[in-house]
Amino acid sequence: MRRRKFIALIGGVATWPRAARAQQPVMPVVGFFNSGSPDGYAPMVAAFLQGLRDTGYVEGQNVAIEYRWAEGQYDRVPSMVAELVRRQVAVIVANTPGNLAARAATTTIPIVFSTAGDPVQMGLVASLNRPGGNITGVTSSSVEVIPKRLELARELSPTATIIAVLVNPANANIETQLKDLQAAARALEVQFHVLHASNERDFDTVFATLAQLRAAGLVIGSDAFFNSQSERLAELALRRAVPAIYQYRRFAAAGGLISYGSSLTESYQQVGVYTGRILKGEKPANLPVQQSTKAELIINIKTAKTLALTMPPTLLRRADEVIE
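In terms of the working numbering, the sequence shown opens at residue 1 and continues consecutively.
Quick caveat, the hints were computed from the structure, so don't treat them as lab data.
The structure presented is a predicted model; accordingly, all values stated were derived computationally and were not measured.
The beta-carbon is built from N, C-alpha and C at its ideal position, and this holds for glycine as well.
Errors might be hidden in some of the hints.
Unchecked claim - Computed spacing ranges between beta-carbons, pair by pair:
| id | residue 1 | residue 2 | range |
| --- | --- | --- | --- |
| 1 | 285 | 29 | 17 to 25 Å |
| 2 | 182 | 58 | 40 to 48 Å |
| 3 | 71 | 120 | 25 to 33 Å |
| 4 | 59 | 120 | 29 to 37 Å |
| 5 | 318 | 55 | 17 to 25 Å |
| 6 | 281 | 212 | 55 to 63 Å |
| 7 | 189 | 285 | 42 to 50 Å |
| 8 | 121 | 189 | 22 to 30 Å |
Claimed, not checked - Lysine to aspartate or glutamate pairs mimicking DMTMM-like chemistry, simulated, CA-CA at most 25 Å apart:
| id | residue 1 | residue 2 |
| --- | --- | --- |
| 9 | 305 | 155 |
| 10 | 283 | 66 |
| 11 | 294 | 231 |
| 12 | 305 | 321 |
| 13 | 148 | 83 |
| 14 | 148 | 282 |
| 15 | 148 | 231 |
| 16 | 283 | 266 |
| 17 | 294 | 175 |
| 18 | 280 | 202 |
| 19 | 302 | 320 |
| 20 | 179 | 202 |
| 21 | 179 | 155 |
| 22 | 280 | 59 |
| 23 | 280 | 83 |
| 24 | 148 | 320 |
| 25 | 283 | 59 |
| 26 | 305 | 151 |
| 27 | 148 | 321 |
| 28 | 148 | 175 |
| 29 | 148 | 189 |
| 30 | 294 | 320 |
| 31 | 179 | 235 |
| 32 | 294 | 118 |
| 33 | 305 | 320 |
| 34 | 280 | 266 |
| 35 | 294 | 202 |
| 36 | 302 | 155 |
| 37 | 280 | 66 |
| 38 | 179 | 151 |
| 39 | 294 | 151 |
| 40 | 283 | 296 |
Using the sequences and the hints, build the whole thing.
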């Protein structure tokens, strides 16, 4: 009798590790989608991971992340997002093209967005304070400051009559961007000529057209593909001696003349925080959309000297940062 009890005890001990493993929670998986490229968005990914850490989640330890990058090929967005939905990830994190595709693909998986547009106008949420549904996130002021970039270009060249604007025709916010620019151009009494680029091959055509137009400057529209091409765009503008106004600090740091826009790294850190809070059980419907309201003016004075531009003192005084 004692022998049978002993064998049963040994058998029970042998099953403990297996039972313990079965009771361990499964590591949640976050689907991270971006329509740009991993190289161009490395600082934003780092900020997102920091936001996750702020809520107690560390990649590879207690959360897994599946990354999907469209590399500027917007036609791939729906299928890549659908793949994350089929994977049944715990949360989908996406920028503007992915947000719209995710909203169309699922009403149950939580979605945390980062967008430069108005999420209410885009139909992502019911309101900023009460998003409703399965979506919330962070909106920056990038689209709203595009007209300000036009003003900056005019301030650099007060006698300018033609200023070019570069946009991605595949961007979901294109109509809003152009509408705002038209209003600003009328107020400034300048013509703006719209140029299109949706891949790297288009850039050579864009800058060749700029030379023909004799435009006094170039304003870069808000777009994830352009973000991933910051160094290329800054290099082309410098080589062709075109004063250009860009989206974010990364452009000025790469040699661009001036950048004016919100902090993407700050936005993505908040996206990480919201992702962590949702993983802990909070509902997107109850998390108000965060708004990035501060725009940063960054001036690369070294590039200005290379372009033989005299930077207006009033502009320098307003700068948040001057890169020597």
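Hint check:
For residue 285 and residue 29, the Cβ-Cβ distance of about 22 Å falls inside the hinted range of 17 to 25 Å, so the restraint holds. At about 47 Å, the beta-carbon gap between residue 182 and residue 58 stays in the expected band of 40 to 48 Å. The hint said 25 to 33 Å for the Cβ distance between residue 71 and residue 120, and at roughly 29 Å that hint holds. At about 32 Å, the beta-carbon gap between residue 59 and residue 120 stays in the expected band of 29 to 37 Å.
At about 36 Å, the CB distance of residue 318 to residue 55 disagrees with the hint of 17 to 25 Å. Range check, residue 281 to residue 212: Cβ separation about 58 Å, and the 55 to 63 Å hint holds. Between residue 189 and residue 285 the beta carbons are some 46 Å apart, a value that agrees with the proposed interval 42 to 50 Å. Our hint of 22 to 30 Å for residue 121 and residue 189 holds, since their Cβ atoms are close to 28 Å apart.
For a cut-off of 25 Å, the pair hint linking residue 305 to residue 155 stands: about 17 Å separates their Cα positions. With a C-alpha separation of about 21 Å, the suggested pairing of residue 283 with residue 66 holds against the 25 Å cut-off. Proposed proximity of residue 294 and residue 231 is supported: the alpha carbons are some 24 Å apart, at most 25 Å. Between residue 305 and residue 321, the direct Cα distance comes to roughly 16 Å. Compliance with the 25 Å bound is thereby established for this hinted pair.
A C-alpha spacing of about 38 Å is found between residue 148 and residue 83, which places the hinted pair above 25 Å, so the restraint is violated. Taking the CA atoms of residue 148 and residue 282, the gap is near 37 Å; set against the 25 Å cutoff, the hint is violated. Between residue 148 and residue 231, the direct Cα distance comes to roughly 22 Å. Compliance with the 25 Å bound is thereby established for this hinted pair. In summary, the hint linking residue 283 to residue 266 is supported, as the alpha carbons are separated by about 22 Å, within the 25 Å threshold.
Proximity of residue 294 to residue 175 is assessed by CA-CA distance (about 23 Å); at most 25 Å being required, the pair is judged to hold. Between the alpha carbons of residue 280 and residue 202 the distance comes to roughly 44 Å, so the proposed pair goes past 25 Å and is violated. Only pairs whose Cα atoms come within 25 Å are accepted, and residue 302 paired with residue 320 is accepted, the gap being roughly 16 Å. Between residue 179 and residue 202, the direct Cα distance comes to roughly 23 Å. Compliance with the 25 Å bound is thereby established for this hinted pair.
The hinted pair formed by residue 179 and residue 155 meets the criterion: a straight-line CA distance of about 21 Å does not exceed 25 Å. Taking the CA atoms of residue 280 and residue 59, the gap is near 15 Å; set against the 25 Å cutoff, the hint holds. For the given pair, residue 280 sits about 24 Å from residue 83 by alpha-carbon distance, which is consistent with the 25 Å threshold. Proposed proximity of residue 148 and residue 320 is supported: the alpha carbons are some 15 Å apart, at most 25 Å.
Restraint check for residue 283 and residue 59: the C-alpha separation of about 22 Å stays at or below 25 Å, so the hint holds. A C-alpha spacing of about 21 Å is found between residue 305 and residue 151, which places the hinted pair at or below 25 Å, so the restraint holds. Among the hinted pairs, residue 148 with residue 321 is consistent with the structure: their alpha-carbon atoms are about 17 Å apart, no more than 25 Å. The straight-line distance between the Cα atoms of residue 148 and residue 175 is roughly 17 Å, inside the 25 Å bound, and the hint therefore holds.
Distance restraint check for residue 148 and residue 189: the Cα-Cα separation of roughly 14 Å lies within the 25 Å cut-off, and the hinted pair is therefore satisfied. About 11 Å separates the Cα atoms of residue 294 and residue 320, which keeps this hinted pair within 25 Å; it holds. At roughly 29 Å between alpha-carbon atoms, residue 179 and residue 235 are farther apart than 25 Å, so this suggested pair is violated. Distance restraint check for residue 294 and residue 118: the Cα-Cα separation of roughly 16 Å lies within the 25 Å cut-off, and the hinted pair is therefore satisfied.
For the hint pairing residue 305 with residue 320, the CA-to-CA distance comes to about 19 Å; that is within 25 Å, so the pair holds. Proposed proximity of residue 280 and residue 266 is supported: the alpha carbons are some 22 Å apart, at most 25 Å. Distance check on the hinted pair: residue 294 and residue 202 sit about 32 Å apart at the alpha-carbon level, beyond 25 Å; violated. Restraint check for residue 302 and residue 155: satisfied, since their Cα atoms lie roughly 18 Å apart, inside the 25 Å limit.
Distance restraint check for residue 280 and residue 66: the Cα-Cα separation of roughly 19 Å lies within the 25 Å cut-off, and the hinted pair is therefore satisfied. Restraint check for residue 179 and residue 151: the C-alpha separation of about 15 Å stays at or below 25 Å, so the hint holds. The hinted pair formed by residue 294 and residue 151 meets the criterion: a straight-line CA distance of about 17 Å does not exceed 25 Å. Proximity of residue 283 to residue 296 is assessed by CA-CA distance (about 32 Å); at most 25 Å being required, the pair is judged violated.
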